[in-house]
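> Listed below are the residues making up each chain.
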Amino acid sequence: MDSNGASRRGFLATLTLVLAGVPILGAIVASLRSGLAPARVEKPTSIPLCHLEELPKGDAILGRAVTFEMRRGPLVENVSRMVFVTRGESDGDYLAMLGECTHLRCPIQQRTVSVGGRDAPLRCPCHGGVFSRTGEVLAGPPRAPLRRLELEMPTDGADIVHVRGL
Amino acid sequence: MGRLLDFLDDRLGIVSAWRTSMSGKRPPAGIGFLRTLGFAALTVCALQFLSGIALAFHYVPTAGLAYDSIRAFEQEVPGGAFVRSLHHFGASFFVVLAVVHLARVFFTGAYKAPREFTWLTGIGLLGIVLGFGFTGYLLPWDQKAYFATNVGTEIAGRTPLLGDALRTVLNGGDEVGPPTLTRFYVIHVVLLPIALLGLLAVHLMLIQRHGVAAPGRPVGDEGSPGLPYFPHHTLKEAIVGAATAGVLFLAAATFHAPLEALAEPSDAGYEPRPDWYFLAAFQLLKWFKGPFESLGTFWLPNLFVLALALVPFVDRTPERHWRKRKLATSLGIATIVFVATLTILGALDAPDNQRVLRHPLGCTETEKLGYLALRRARCLECHELEYAGTRYGTEDHDAPRFDELLAERYAFSTFDAVLRDPEGELGTEDMPAFDYLPDVERAAIWAFLRKLVPEKQ
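If you read the sequences in order, they're chains Z and E. For the first sequence, our numbering gives the first residue as 64, with consecutive numbering after it. For the second sequence, our numbering gives the first residue as 3, with consecutive numbering after it.
Because the hints were derived from the structure by calculation, they are not lab data. One or more of the hints may lead you astray.
[Claimed, not checked] With a Cα cut of at most 20 Å, we get these calculated SDA-like pairs of lysine to any residue: (1) E:K453 / E:A379; (2) E:K288 / Z:A202; (3) E:K370 / Z:N141; (4) Z:K106 / E:L439.
[What the hints assert, rightly or not] Okay, the calculated bits of chain E under chain Z, using three or more residues with CB under 8 Å as the criterion: (5) 149-163; (6) 262-271; (7) 276-290.
Beta carbons: idealized from backbone N, C-alpha and C, even for Gly.
Generate the whole structure from the sequences, applying the supplied hints.
Below is the structure:
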């Protein structure tokens, strides 16, 4: 009789734990999952950047703010980024880079600084990162070159250069 | 009266609680004004809650309206500018008082047995106060907010193993954007207050349990009891609390909490700086380059906090008097000198930020888009503009001033034609073409300029 009562009590305790535990655990898991889920962001793949004739000549650097619509589900927000374009090695070869420091994302400035006696054209105003015309790190904390973006040259007589990979 | 008190005491126990923790409590003799710093921090904490609730009643936590709602609070709500300044400077006071309180506990050896956990909860509270500061300055969504938060969440992203997940959760995506503002708002007004109140309750309960450590006496020697806590020490606390509040009120009434121009991610002229209490960390980040980067972003700051938390468990000597604790005292002083030096070095690297035009309150969606487009196209790098008594832009160019141009009879069709084809319209190569801008943006720039310089009737 005694052992019978104890086992009944044990059964009831287990049943209560399960009945209470499942919804509580479920609520915790569901809240964490939805709460911590990143906003699903969609950006246009290709964004208009500049005219063909605006592409930089010689050592010049083109700094251009591009704007685009960022979609979070049904929400649409107008967003902008700075893009730098320089000339590459060969003729007609251009490099596009995101104007965001690869150290801690400060805005890259087009300002000449001297590094080891040589002039460098791009610098970060925060922790002292300096970058070359091609986005390579010349000084400071950054470890990676500026993020490369892809240029999309116009075809069939059109004249707008697009940028991809933002 | 006596019967009423008896009635309440039977049910709530308030009178006996008052006797044990206030009038009947006799802290050790010799405690003075140095033991009131925690109460001063608590006073500021209460004021932060008050001013913060007032701000939250008016604040709109979306990227499109946050900035304007803050300015409207300052300009349209009675006392709004004062309350925002109170909250802004209150944050600094809170940090200073928490740190000074911690330093007092450290140098008087008050963290030693049996008060190790009071110290530990105190370290946690300091972290929460800094967390309030960090999440708080994103909320106005101005330039400083946007760019400093980029750095902050990127530092969180350098946490080994968890970094990417942490950054994604904080940013609400890969980078700082509108979702970040929503998340920081919730962290600032929901998560951190709950954490603060919970930890503060434990901190205060532990202080109740263990009382004040007897000044200068070793562990185990609780000294001789002095005068009752109430009204003797509470008077000192009230004086210091009132003085703190007074100085804070004076600061908030004299100085205005800064607010920079609306956040614009493509602004390549902006030089971000954190608030002063993060300048030491800012300076540290410059020194660790390339492969050593994570030393500055993660290891040193976190090892410092860990070392701080472990102080009472590592330092097991019974002595409390600073002169008998040569190593601890010197380490403490060295830490203060080091952090102060870093902060000063960080402050000396002052940013060179130009005055940025701000849009007036009450702009339509189109006018606001025009304002941002004007900044993105960098119109004010060549054209000057005088608005509300301030001159924006550079004098180096002989491009016409916007306010003079628009004061004349000047139609949108002319403006638009010039933007599309300046060489054809003006016969000059000095002005670049802005035909790459979408039609709506050229029209929006016009709408914004007309908002600043209305057409003459």
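> For each hint, tell me whether it holds in the structure or not.
Evaluated hints:
{"no.": "1", "hint": "E:K453 / E:A379", "result": "holds (18 Å)"}
{"no.": "2", "hint": "E:K288 / Z:A202", "result": "holds (11 Å)"}
{"no.": "3", "hint": "E:K370 / Z:N141", "result": "holds (11 Å)"}
{"no.": "4", "hint": "Z:K106 / E:L439", "result": "holds (18 Å)"}
{"no.": "5", "hint": "149-163", "result": "holds (count 5)"}
{"no.": "6", "hint": "262-271", "result": "holds (count 6)"}
{"no.": "7", "hint": "276-290", "result": "holds (count 4)"}
Going through the hint list in order, the structure satisfies each hint without exception.
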